[in-house]
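So the sequence lines, in the order shown, correspond to chains A and B.
Quick note on my numbering: the first sequence kicks off at 45 and runs consecutively.
Quick note on my numbering: the second sequence kicks off at 58 and runs consecutively.
Just so you know, the hints here were simulated from the structure itself, not pulled from any lab data.
As the structure is a prediction and not an experimental result, all values here were calculated from the model.
For every residue, glycine included, the Cβ atom is placed at its ideal position computed from N, Cα and C.
Any given hint could be a false lead.
As the list claims (entries may be wrong) - Under the rule of at most 27 Å between Cα atoms (straight-line distance), these lysine-lysine pairs were calculated in the DSSO-like manner:
1. K163/A with K281/B
2. K80/B with K184/B
3. K80/B with K187/A
4. K194/A with K179/B
5. K129/B with K62/A
6. K370/B with K156/A
7. K274/A with K80/B
What the hints assert, rightly or not - Computed footprint of chain B on chain A; a stretch qualifies when at least three of its residues, placed anywhere within it, have a C-beta under 8 Å from a C-beta of chain B:
8. 111-125
9. 149-158
10. 169-179
11. 216-227
12. 265-272
13. 313-323
14. 329-335
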Amino acid sequence: MKEKSNNDVLMGNSVSRKVFVTINTIFLILVTFITILPIIHIISLSFSSTQAAEGGLVGLLPVQFSLKAYTSILGKTSFYRSLVVSIKRVIIGVPFSLLCTILVAYPLSKDKKSFPARKIYVWFFIITMLFNGGIIPTYIIVKSTGIMNKLWALILPSAVSVFNILILMNFFRELPKELEEAALIDGAGHISILTRIFLPLAKPALATLVLFIFVFHWNSWFDGLMYINKIERIPLQTYLQQILTMPDTRFMTADQLQELGNASRRTSNAAQIIISTIPILIIYPFLQKYYTKGLVLGSVKS
Amino acid sequence: MTEQRLKTKKSSLQSSKSHSKFKRQLPLHIMMLIPVILVVIYCYGPMLGILIAFQDYVPSTKGFFYSLINGKWIGFDMFRYIFKMPDFVSILWNTFFIATMKIIAKIIFPLIFALLLNEVRKSWFKKSVQTITFLPYFLSWVILGGILLEIFSPRTGIINTIIGYFGFEPKYFFGDPKIFPYMLVLTDLWKDIGFNTIIILAALTSIDPTLYEAAAIDGAGRLKQTLHITLPGISSIIVLIAILGLGNIMNAGFDQIFVLYGPSVYSTGDIIDTYTYRMGINNGQFSLATAVGLFKSVVSFVMLTVSYWIANKYSDYRIF
Numbered sequence: 045m046k047e048k049s050n051n052d053v054l055m056g057n058s059v060s061r062k063v064f065v066t067i068n069t070i071f072l073i074l075v076t077f078i079t080i081l082p083i084i085h086i087i088s089l090s091f092s093s094t095q096a097a098e099g100g101l102v103g104l105l106p107v108q109f110s111l112k113a114y115t116s117i118l119g120k121t122s123f124y125r126s127l128v129v130s131i132k133r134v135i136i137g138v139p140f141s142l143l144c145t146i147l148v149a150y151p152l153s154k155d156k157k158s159f160p161a162r163k164i165y166v167w168f169f170i171i172t173m174l175f176n177g178g179i180i181p182t183y184i185i186v187k188s189t190g191i192m193n194k195l196w197a198l199i200l201p202s203a204v205s206v207f208n209i210l211i212l213m214n215f216f217r218e219l220p221k222e223l224e225e226a227a228l229i230d231g232a233g234h235i236s237i238l239t240r241i242f243l244p245l246a247k248p249a250l251a252t253l254v255l256f257i258f259v260f261h262w263n264s265w266f267d268g269l270m271y272i273n274k275i276e277r278i279p280l281q282t283y284l285q286q287i288l289t290m291p292d293t294r295f296m297t298a299d300q301l302q303e304l305g306n307a308s309r310r311t312s313n314a315a316q317i318i319i320s321t322i323p324i325l326i327i328y329p330f331l332q333k334y335y336t337k338g339l340v341l342g343s344v345k346s
Numbered sequence: 058m059t060e061q062r063l064k065t066k067k068s069s070l071q072s073s074k075s076h077s078k079f080k081r082q083l084p085l086h087i088m089m090l091i092p093v094i095l096v097v098i099y100c101y102g103p104m105l106g107i108l109i110a111f112q113d114y115v116p117s118t119k120g121f122f123y124s125l126i127n128g129k130w131i132g133f134d135m136f137r138y139i140f141k142m143p144d145f146v147s148i149l150w151n152t153f154f155i156a157t158m159k160i161i162a163k164i165i166f167p168l169i170f171a172l173l174l175n176e177v178r179k180s181w182f183k184k185s186v187q188t189i190t191f192l193p194y195f196l197s198w199v200i201l202g203g204i205l206l207e208i209f210s211p212r213t214g215i216i217n218t219i220i221g222y223f224g225f226e227p228k229y230f231f232g233d234p235k236i237f238p239y240m241l242v243l244t245d246l247w248k249d250i251g252f253n254t255i256i257i258l259a260a261l262t263s264i265d266p267t268l269y270e271a272a273a274i275d276g277a278g279r280l281k282q283t284l285h286i287t288l289p290g291i292s293s294i295i296v297l298i299a300i301l302g303l304g305n306i307m308n309a310g311f312d313q314i315f316v317l318y319g320p321s322v323y324s325t326g327d328i329i330d331t332y333t334y335r336m337g338i339n340n341g342q343f344s345l346a347t348a349v350g351l352f353k354s355v356v357s358f359v360m361l362t363v364s365y366w367i368a369n370k371y372s373d374y375r376i377f
C-alpha cells in the first residue's frame, strides 16, 4: 500500500502521464517491429511459393504456403558441404580457442610477486589489440605458413583473442585467494589448481566464452573468403556471402550461375538464410542473458 | 629430533628458494607457449610484413621471407604515390564521414530509445522489447546483408513494392552513391541499437533512486527529472562511448560495407579497409595495399591510444 502511494508521487498519475505512457508504448512497439520486420519477411518468403515471391505478394505472412524452398535445399550439395565445414570448424575451433584463452588467462591472473614476467606477457598481448599488420601482410603470413585451404586457416590465426583473455583473467582474479593458498600448502601444482579449483569455479565465465567463441566461429565469413579458395571447403557464411551478396559472376561456379537465373532463387536464398540462423536462435536466450550481465558488470564498473 | 629435522628442512627450503620459485613459475611459462607462438606468427608476423609497404614487393614461389629479403626497397615512394592519388582523398573522406555519422547515430537513437524504455514499468514488456531489438546484433553481416539486399532489391524487394503502391519510382538503395552512406548508417543502427540501448540502460540503473524521490517531492515532473537527473547522471557513460568511438574512427565497418556495396557506389562507399582489400587481394597490388593499410593502422593506433588515455583520465576506464 505504502509502496503504491510512493509510486504515485514518483510517477505522477495525471492524465498527461497516461497519454505519455500510451504514446510511448505505441512508439516502442513500432521501433521493435521495424527491427524485426525484415527478419519476419524473410521467414515468410522462405515458406512461400516461387510465384508468390516473384509477384511481390509476400509481406509478413507466407503466401501459398510451400516447403519447396526447404526441400530444394535438401538436394543442394554445395549448401551441405559448407554446413559440414562450419560444423567442423565449430567442433574443433571452439575447444581450441577456449583452451588457448584458459592457458593464457590463468598465468596472467597471478600477481606480480608470484609471476614477475606477467607484465611482459600482458604487454605482449595488449600490443596486438592496438596494432596489427593489416589484411595484406596477414594474408601473406597465413599463406606462407602453409595452411591455405585447410580448416586450420580458419582456426589458428584467430585462436588467441585478447578480449576473451581479459574477461577470463578478471574472473580468475576475483576468485578468493585463500582457496589457492590452501591448495598450495597441500602441495598442489599449477595444473591441479587450474583444473580442480579455478575451472570449476569459473563455469559461468567459461559458458560466456563458449558462447562468444561459438558466435564468432559461426558468423565468420571473411577468413573463409581470404584463405579458402576451394569451393568445397568454404564455411557456410562464406558460401552465403557468395550466393547472397556477390553478384560478381567471376567467382561463381557453373552451379551457381545457373541458379542466378533461376526464379526460385529468392525463396531458396531465404530458406538458406533461415537455416543458417537457427544455431544462433537456439543459443540466443543464453546469449542475451550473459551479454546483459557482462555488459552491466563491464559498463557500470566505475 | 623433530626439531632438528624441521630446522634442516627450513634451511634447505631457503637455499633452494630461488630455484623452487623458478620451478614454480616454469609451468606458467609452458602453459602460454602455444598461444604465444600463435600470436608471434599470426599477429607479430604480419607486423613484420608491413615492411613490404616500403618495397616494390613481388611475391615469389620461394616464400615470403625470400621475397622480402630480395625485394627492391623503395623507401616512402609508395606513400608519396598514395597521397597524390585522387582516390585516396575520397576513401579517407568516406571513412571519416561514415564512421562519424555512425558514432553520432549510435549514441542519439539508443539514448532516446533507452530513456523511453526506462519509463516503462511493465517488466515483461521492457524485456520483450529489449530481446527483440537485440536479435540482429548476433547475426552476421552476411545474413543481415542477404536480408537487406533482398528487401531493398530494386526489382523484387518489398520496400520498392510498397513504394510502388504509392506511385513512386523504385529506388536502388544500395546502388545509388547519394543514398548509400546513409543506408550504411541506418542499417548499422538497426544491427546495434539493442546492444547500445542495453549499455545505456545499465548506466541508468546506477543512478541513485532517492534523487528521483527528492525531485518528485519538490514537484518536478518526469520530463524535468529526466533533464536534471537522468541526463547528467549518464553523461559520463555517453562521453565514454563517444571517446571510444573516436578511437575507432578509422574503422567504418568493413564487413557491412563489403557485403552491401558494389562498383556503382565505390565513389561514396569505399573505405580504407575495403579499398585495401580490393587493391591487395583482387588486383594483387600488395605493396600499395599494405601502405594504405599501414597508414590506417598508424592513425588508428594514435587515435586509440589517445582515446584510451582520455577515457582513463575522464572516467577511470581501463581495458586491463
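Hints versus structure:
1. K163/A with K281/B: The given pair, whose Cα atoms are some 49 Å apart, is violated under the 27 Å limit.
2. K80/B with K184/B: With a Cα-Cα distance of about 52 Å, the restraint between K80/B and K184/B is violated, given a limit of 27 Å.
3. K80/B with K187/A: 38 Å, violated
4. K194/A with K179/B: 51 Å, violated
5. K129/B with K62/A: Given that 27 Å is the threshold and the Cα spacing comes to 75 Å, the pair is violated.
6. K370/B with K156/A: Within the cut-off at roughly 24 Å; holds.
7. K274/A with K80/B: The hint is violated at about 48 Å.
8. 111-125: Answer violated; 0 residues pass the 8 Å Cβ test.
9. 149-158: holds (count 4)
10. 169-179: holds (count 10)
11. 216-227: With 0 residues closer than 8 Å to chain B, the stretch 216-227 of chain A misses the three-residue bar; violated.
12. 265-272: holds (count 3)
13. 313-323: holds (count 5)
14. 329-335: holds (count 3)
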